[in-house]
Amino acid sequence: AQSVAQPEDQVNVAEGNPLTVKCTYSVSGNPYLFWYVQYPNRGLQFLLKYITGDNLVKGSYGFEAEFNKSQTSFHLKKPSALVSDSALYFCAVRNRAGANNLFFGTGTRLTVIP
Amino acid sequence: EAGVAQSPRYKIIEKRQSVAFWCNPISGHATLYWYQQILGQGPKLLIQFQNNGVVDDSQLPKDRFSAERLKGVDSTLKIQPAKLEDSAVYLCASTPTIDSYEQYFGPGTRLTVT
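From first to last, the protein sequence lines stand for chains U and R. If you count by my numbering, then the first sequence holds residues 1 to 114, one letter each, in order. If you count by my numbering, then the second sequence holds residues 1 to 114, one letter each, in order.
One chain only, chain R, in its complex shape (with noise of 0.2 Å):
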């Protein structure tokens, strides 16, 4: 089965700029998982959507981030303005069910501000 896709896998952009971020989880997985992965250390959870809807964005800095699902398949993450410290690979997962253990990655987005 085909994993989890995400484009584009590098972006540079100048701080205050906008950028999308892009995800297909794998097919009819209801649970999706944006991470933020800043260089020497571990993902940190954005954001969890379960079909459509938002179960936990309590990590999502609501003041430049937005993420949306609207469909309850694909899913866009944007932050607008970018901030130097954004700065980061930004992972896609998803999981069958909002139970399932295992989750399955995408290969990430390379984000770099300067």
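Only chain U is shown next, with the shape it has when bound in the complex (with noise of 0.2 Å):
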């Protein structure tokens, strides 16, 4: 089976500064684990994914994600947090090469203070 946890259902940050949002995950075998980013009335935007390589991987609008597969983290980050940043954040995991289901995490809330 094959889950993921977001522990932080809000995180705040001040604009300008370092936000990171947290993700851990649970599969077999090798994982796939992507971000997608929603905004009011609008569908989820892919903006990340980590297949296979670097650990470090970059995105969209500035993001990044670093997998680590001895904690089984693939937490997200932006060296600058902008107000339009704003938005709930969701990772997810995909099971195996061949099944493109993604199973998603419950979402992070992210609020960057002006």
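It is worth saying that the hints were derived from the structure and are not from the lab. You may find that some hints are simply not true.
Far from chain U, some chain R residues (derived; all Cβ distances over 12 Å) [unchecked claim]:
1) Ile-13
2) Val-19
3) Ser-27
4) Lys-44
5) Gly-53
6) Ser-58
7) Arg-64
8) Glu-68
9) Asp-74
10) Lys-83
11) Glu-85
12) Gln-103
13) Arg-110
14) Thr-114
Simulated pairs of lysine to any residue, SDA-like, Cα-Cα distance not exceeding 20 Å [claimed, not checked]:
15) R:Lys-44 - U:Leu-88
16) R:Lys-44 - U:Phe-103
17) R:Lys-44 - U:Pro-7
18) R:Lys-44 - U:Gly-59
19) R:Lys-11 - U:Asp-85
20) R:Lys-44 - U:Asp-9
21) U:Lys-49 - U:Gly-59
22) U:Lys-58 - U:Ala-87
All C-beta atoms in this analysis are idealised placements derived from N, C-alpha and C, irrespective of residue type, glycine included.
Reconstruct the complex from the two isolated chains, following the hints.
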């Protein structure tokens, strides 16, 4: 079975400060990991993915994430937060190659305070 | 290119009534997904199509939910009869192939069952 945990329902950060949104996963075999962002009244948008290779992956809008196999984590990070980054962020895991079924976490609401 | 289209955007029905949602994926995308997103939770896959065939419907409550993609392009998800716990946002997503990593999501249909 596969699952994703996002331990924080809400993260608040001041504009210009670094941000981290946490994610841990559980999956048999090699994990395929993803971050999606959801703005109000809009569908989910893909931010970045880890499939293989470099543990630090870079994505859209200046976001990056670090895959840590020993800690089974895939935390989302950004060096300097913008007010426009305020949104709902979802971590997701794909179970195996060839079966594109995403399992999502419960989401973390990020609020960037001006 | 045009994104994933969904209609209606909002629907309010009484319990035991029927409702249908429509999705038109990005042109040329062979794989289509329907997700249910209950408030405070992450999206949960209901059904996955590859062209006009079902790949995975293990999470679809088949006693009341049905979905079709007859011509391998647009798709309809139906609920009959609806229950209060069906209140959620129903998201449609598509990918060019079944192995594609990035899923493209529509804006969703918000269903309220009273």
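Each hint tested on the structure:
Every Cβ of chain U is farther than 12 Å from the Cβ of Ile-13 (chain R); the closest lies at roughly 20 Å, confirming the non-interface assignment. Against the 12 Å criterion, Val-19 (chain R) stays outside the reach of chain U, whose nearest CB is about 19 Å from its own CB. For Ser-27 (chain R), the requirement that its beta carbon stay farther than 12 Å from each beta carbon of chain U is met, with the minimum near 17 Å. A cut-off of 12 Å between C-beta atoms contradicts the statement that Lys-44 (chain R) is not in contact with chain U; the least separation is 7 Å.
With a cut of 12 Å on Cβ distances, Gly-53 (chain R) stays outside the contact zone with chain U, its closest approach being about 14 Å. Distance to chain U contradicts Ser-58 (chain R) as a non-interface residue, since its nearest Cβ pair spans about 9 Å, not more than 12 Å. For Arg-64 (chain R), the shortest C-beta to C-beta distance to chain U comes to about 22 Å, beyond the 12 Å cut-off, and the non-interface label holds. Distance check on Glu-68 (chain R): its Cβ is at least 20 Å (rounded) from any Cβ of chain U, clearing the 12 Å threshold; non-interface status holds.
The non-interface label for Asp-74 (chain R) is consistent with chain U: the shortest C-beta to C-beta separation is roughly 16 Å, beyond 12 Å. With a least CB separation of 22 Å from chain U, Lys-83 (chain R) remains clear of the 12 Å interface cut-off, as annotated. In this structure Glu-85 (chain R) is separated from chain U by more than 12 Å, as the shortest Cβ-Cβ distance comes to about 17 Å. At roughly 7 Å, the least C-beta separation between Gln-103 (chain R) and chain U is not larger than 12 Å, which violates its mark as non-interface.
The claim that Arg-110 (chain R) lies off the interface is violated: its Cβ sits roughly 9 Å from the closest Cβ of chain U, which falls inside the 12 Å cut-off. Residue placement check: Thr-114 (chain R) keeps its beta carbon more than 12 Å from all beta carbons of chain U (closest about 21 Å). Distance restraint check for Lys-44 (chain R) and Leu-88 (chain U): the Cα-Cα separation of roughly 16 Å lies within the 20 Å cut-off, and the hinted pair is therefore satisfied. A distance of roughly 7 Å separates the Cα atoms of Lys-44 (chain R) and Phe-103 (chain U); the hinted pair therefore holds under the 20 Å criterion.
Restraint check: the Cα-Cα separation between Lys-44 (chain R) and Pro-7 (chain U) comes to about 18 Å, which is no more than 20 Å; the hinted pair holds. Distance restraint check for Lys-44 (chain R) and Gly-59 (chain U): the Cα-Cα separation of roughly 24 Å exceeds the 20 Å cut-off, and the hinted pair is therefore not satisfied. This hinted pair does not check out: Lys-11 (chain R) and Asp-85 (chain U) have alpha carbons roughly 29 Å apart, beyond 20 Å. A threshold of 20 Å between alpha carbons decides the hint, and for Lys-44 (chain R) with Asp-9 (chain U) the separation of about 18 Å falls inside it, so the pair holds.
Restraint check: the Cα-Cα separation between Lys-49 (chain U) and Gly-59 (chain U) comes to about 8 Å, which is no more than 20 Å; the hinted pair holds. Using a Cα cut-off of 20 Å, the hinted pair Lys-58 (chain U) and Ala-87 (chain U) holds, with the two alpha carbons roughly 19 Å apart.
Comparing the model with each numbered hint stated earlier shows that hints 4, 6, 12, 13, 18, 19 do not hold.
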